[in-house]
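Q: Take a look at the letters that make up each chain.
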Amino acid sequence: MSNIPNIENISNQNTFKRLLLYTKPHLKKLSFAFAILLLATGADVLGPIIIKIFIDDYLTPRIFEWKPITLLATTYLTLLITSVTLNYFQLLTFNKTALWIIHQLRVDVFSKVQHLGLSFFDKSPGGSLVSRITNDTEAIKELYVSVLSTFVQNIVFLVGVLIAMLFLNPKLAGLFFLLLPVILLLMKIYRHLSSKIFHLTRKKLSELNSKLNESLQGMNIIQAMRQENRFKKEFGNINQQHYSSKLKQIKINGLLTRPAIDLVYMMALSLILSFFGIKSLNSTIEIGVVYAFINYLDRFFEPINMMMFRLSQFQQALVAAERVFGLLDEKDLAPSKEGEGRPTITEGLIEFRNVTFSYDGKTNVLKNISFTAKPGETVALVGHTGSGKSSIVNLLMRFYPIKYGEILIDGIPLQNFSNEELRQKIGLVLQDPFLFVGNIKENIRLHNKKITDQDVIEAAKFVQADSFIQRLPNNYEEAVYERGATFSSGQRQLISFARTMAIKPKILVLDEATASIDTETEELIQTTLKKMRTGRTTIAIAHRLSTIQDADLIIVLHKGKIVESGNHQELLAKKGLYHNMYILQQGITDSITS
Amino acid sequence: MSIFRDLMWFFKLERKSYLTGIFLLLVVALLNLLPPYIVGIIIDGIKNGELSFIKLLQWVLLILAIGILLYILRYFWRIMIFGASSRLGKLLRNRLFELFTKQSPSFYNQRRIGDLMAHSTNDIQAVESTAGEGVLTLIDSITMGSIVIITMASTISWKLTLIALLPMPVMAWLTNYYGTLIHDRFFKAQEAFSNLNDKVQENISGVRVIKAFGQEEAEKEEFRKQSIDTVKKNIAVAKVDSLFDPTITLIVGISFFLAIAFGSMYVIKEELTIGQLTTFTMYLGHLIWPMLAFGWLFNIVERGRASYDRIEALLNTSPDIIDRKDAIEEKPRGDILFDINSFNYPEKSNPTLNNIHFTLKRGQTLGIVGKTGSGKTTLLRLLLREFDLQDGDIKIGDYSIYDYKLYSLRSGIGYVPQDHFLFSATVAENIAFAKPNATLDEIISSAKVAAIHDDIMQFQDRYQTKVGERGVTLSGGQKQRISIARALLMEPEILILDDALSAVDAKTEEKILKALQHNRIGKTTIIATHRISAIQDADLIIVLDNGEIIEYGNHTELLALAGWYKDMYNRQQLESLVEQGGIFNE
Chain A
1 MSNIPNIENI
11 SNQNTFKRLL
21 LYTKPHLKKL
31 SFAFAILLLA
41 TGADVLGPII
51 IKIFIDDYLT
61 PRIFEWKPIT
71 LLATTYLTLL
81 ITSVTLNYFQ
91 LLTFNKTALW
101 IIHQLRVDVF
111 SKVQHLGLSF
121 FDKSPGGSLV
131 SRITNDTEAI
141 KELYVSVLST
151 FVQNIVFLVG
161 VLIAMLFLNP
171 KLAGLFFLLL
181 PVILLLMKIY
191 RHLSSKIFHL
201 TRKKLSELNS
211 KLNESLQGMN
221 IIQAMRQENR
231 FKKEFGNINQ
241 QHYSSKLKQI
251 KINGLLTRPA
261 IDLVYMMALS
271 LILSFFGIKS
281 LNSTIEIGVV
291 YAFINYLDRF
301 FEPINMMMFR
311 LSQFQQALVA
321 AERVFGLLDE
331 KDLAPSKEGE
341 GRPTITEGLI
351 EFRNVTFSYD
361 GKTNVLKNIS
371 FTAKPGETVA
381 LVGHTGSGKS
391 SIVNLLMRFY
401 PIKYGEILID
411 GIPLQNFSNE
421 ELRQKIGLVL
431 QDPFLFVGNI
441 KENIRLHNKK
451 ITDQDVIEAA
461 KFVQADSFIQ
471 RLPNNYEEAV
481 YERGATFSSG
491 QRQLISFART
501 MAIKPKILVL
511 DEATASIDTE
521 TEELIQTTLK
531 KMRTGRTTIA
541 IAHRLSTIQD
551 ADLIIVLHKG
561 KIVESGNHQE
571 LLAKKGLYHN
581 MYILQQGITD
591 SITS
Chain B
1 MSIFRDLMWF
11 FKLERKSYLT
21 GIFLLLVVAL
31 LNLLPPYIVG
41 IIIDGIKNGE
51 LSFIKLLQWV
61 LLILAIGILL
71 YILRYFWRIM
81 IFGASSRLGK
91 LLRNRLFELF
101 TKQSPSFYNQ
111 RRIGDLMAHS
121 TNDIQAVEST
131 AGEGVLTLID
141 SITMGSIVII
151 TMASTISWKL
161 TLIALLPMPV
171 MAWLTNYYGT
181 LIHDRFFKAQ
191 EAFSNLNDKV
201 QENISGVRVI
211 KAFGQEEAEK
221 EEFRKQSIDT
231 VKKNIAVAKV
241 DSLFDPTITL
251 IVGISFFLAI
261 AFGSMYVIKE
271 ELTIGQLTTF
281 TMYLGHLIWP
291 MLAFGWLFNI
301 VERGRASYDR
311 IEALLNTSPD
321 IIDRKDAIEE
331 KPRGDILFDI
341 NSFNYPEKSN
351 PTLNNIHFTL
361 KRGQTLGIVG
371 KTGSGKTTLL
381 RLLLREFDLQ
391 DGDIKIGDYS
401 IYDYKLYSLR
411 SGIGYVPQDH
421 FLFSATVAEN
431 IAFAKPNATL
441 DEIISSAKVA
451 AIHDDIMQFQ
461 DRYQTKVGER
471 GVTLSGGQKQ
481 RISIARALLM
491 EPEILILDDA
501 LSAVDAKTEE
511 KILKALQHNR
521 IGKTTIIATH
531 RISAIQDADL
541 IIVLDNGEII
551 EYGNHTELLA
561 LAGWYKDMYN
571 RQQLESLVEQ
581 GGIFNE
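Just so you know, the sequences run in chain order A and B.
So for the first sequence, UniProt numbering puts the first residue at 1; every next one is plus one.
So for the second sequence, UniProt numbering puts the first residue at 1; every next one is plus one.
Because the hints were derived from the structure by calculation, they are not lab data.
There may be inaccurate statements among the hints.
[Claimed, not checked] DSBU-like mimics (lysine-lysine), calculated; alpha carbons at most 35 Å apart, straight line:
no., chain 1, residue 1, chain 2, residue 2
1, A, 28, B, 225
2, B, 102, A, 233
3, A, 367, A, 112
4, A, 441, A, 112
5, A, 211, A, 232
6, A, 211, A, 559
7, B, 448, A, 559
8, B, 479, A, 367
9, A, 233, B, 448
10, B, 12, A, 450
11, A, 112, A, 574
12, B, 361, A, 331
13, A, 574, A, 561
14, B, 361, A, 233
15, A, 574, B, 102
16, A, 17, B, 232
17, B, 361, B, 371
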């Protein structure tokens, strides 16, 4: 347990440095804001001095010359308005800068995530990724706001007050400097003690929430097995522990924050009063100075309270920053182009040569796979769940790097192609047609500027989606909501077909393109698919064997191996696995068992 | 402010803490008045040269004493008030949890777990802060504010008080105005943030499409635009937000100015001493916090109100599955009689079950087969009283299941649900779930029957291996078998397996079924399944379709019917062959 905070502190420092680096592009603005802050603080700090002059030079001796008094009054008000205005601008600038820094950080993380490999997404739950990009960066915002605004401003203000005090009475100001170590020590102790208790409370809270979440999820089991009372007790225990640590937090806050600072204030007040009081016993004192000091004293402690208040938030933001930087440092990148030259795909000849593949480096999901798809041919992959069909597609799409064996397109290794070339020439249709929020046109075109409106319509016509789109109230501008919920699965799939056809690919990859479609629309989709396949090399994963009977080559996979291959007739004649699968799907079971 | 009236039950419950806390707060407010007063006296003393060393020492020591006293009092009111408000959080959390344990599945069907979690975290937090910070700001703004003002007016000068306070309403008005301004802008900023969140969510879910179409750069650009939009909306907020501090400084500065300007006139007229003037300005400083607290109070109360209403609405839902008045406490045993005319789920009009009438003899095994959605699970859930029948009855032995206490009824039934849910605890604790004091031997023997013992012995810490998020990752089949062992350990009169072997391979299934036959001699077992192999040895098999029994009998009888059952049987024989990569005429 004693080691943990240590490690955290080390990485905290690194994190803090990296966070500071983000301010670099804004240094100019920040220095400007800092300059304004200095001016504003100066104006602010001068106020009590003017009142001091008024008290000592005019009020106490009862000298009333209207001119200088009016001058003093105007100066006071002018300074007030100046400092207030300047303060507004520096506050705004600091806030704005913090927002822009967060923007940069967000864009950086998001960009990083775009270039991570699918293997990374496999092992990271989507929810936590989203939360890192948005919520964690939002928490870091607090850090910039608190560091840039609260800490910098308050420290500048403290320095300003101290300078003013030095000017008024160097000796007393010197005594004030003695207070600083006391306050710093207080802060250090508080930070030290509170961070432990703070962590404990957070831990208890998360235990409490996960217990609750788990209980809610398993409630039917808890009830069926009559464990309600036990869970109530267990939950009550964690609840009690959470309460105790919270109470500790309240106590620590009570002992070391505002009440303690107020006590220091009282001590400082006694110090000032004693100082002037004793001095007055044998010499005369300027009352104005006393007034000014007391006034400064009041202002001296407000920033300290503010900083104490921000300390815990600061801590929290650092933890969030650690998580964000962890993601920025992620090394699991998507495979990219290797080697020289800019090869292009012209024919669409696909060769798999002795490909062996594993996701986790332990169990091979593909074992020594070799096959060739000639230009314009259709190759179908069939097999049970887990037979390795999808892995072949994943490799061909270069979603994962190949370790053993080779994949060649037009005789050139897959890894030599640029990303753009691959994405333009290979069109993928997924089992679950994913639609983006926007409209139909945007979903077909995506962000590809080369595709004109005419191309979009042609693609839609080609896949026979045009007729249903024309019937929509806004045609191609019809809005698409989250995940395309307002469209049927068939319509969604047709839109995704159009999306694929709009890039006019050389190679077509169909990943169970008809699996999620109801039988009514299936016929339409089948004819469309046939049209799409003509003249293109096609790799099709098929769930329903009836959809790939006309394939030039059918590859039957089982547990990562090719167990049979040939065309439909040849495979049926073999009376092997394909034959049995076919019979099973046709529903003519009686013929074999009887 | 009605929230304080609604929380009165709690304030009464914590009478001592709140009364002490509020009393301490008042004492603090009063004691706080003293230092400025002393400062005034000392300054006047200095000015008039009347100050002696002894007097000075007395006054300074008094300030220090007040300081220490204040420190102690401030510490204690925090513990009193914030401690009590934390107890409110604890109390409400426990109450909600208790409520959750009493609700039937129909309650959970109507609500999302995420929402229930939100009520138990955010809403409780908001109510807690109403009972803590809310009470504090209420007391501070009202009492401290008025005490300071009264003191200023009565001990120094009511005229000067009036003058100095003139700008204060402007401050109240301005901050209120900013508040409404910021409200809209803040809403827009939140919306922009949530759009950004949606964008990321979509990006992550659509990662395959994005990669397949090479849309990474375009996505980055779009995200950048949305992020800029978020920044802009937030800047709009910051523009107003940054007004608060300067405005307060300005108004307070003017207040000070007025106090000094007019105060000096009174000093000249000898209506006031310089010391009193200093005291007066210090009091003015004491007024800033109550002013701010007042604004803050509304904020806290508004949030607390909404949250408390949600929590109360939840706490007022009464459970729909309850014991009858004269329910018996006996453990159910005997033949099970299903006498269901029709059943439909609440809020669904067409019946899920129709005319289910049959008897299962004690000690027999019942197999239920049928398509997904044919009513298998519904039938089992009725037996468990997760839902109650309106038209018909189910009897165990001589009594209707509605005559048993819920607690007794469930003591006789071991249930293995479809979605095998395990808790984050050790394997042993999961198996001993229904009987936490079971011995390791009992646990092991159940695990053996469920054919999971060998797997467990392979785990790093064997039976002490942690399951769940932070523990070992189990396969679906392993989870199923653990949940079977969990039900077996109860040695229940009736064992229900609801499609509980779906993720287990054929060999293991056979092993478990064999062991069960042996283990369950003389006790009733009900197996609902898609796989005919799991029930072909059952004494009685019913085939459900659309909520009705379409075929009825034992395996041989059903095969002879040459209906749905036989068709399914043949298909599955072939399917298992294909699954094994087998060839039929090998």
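Q: Against the structure shown, which of the earlier numbered hints fail to hold, in ascending order?
A: When the structure is compared with the hints, numbers 6, 10, 11, 12, 14 and 15 turn out to be violated.
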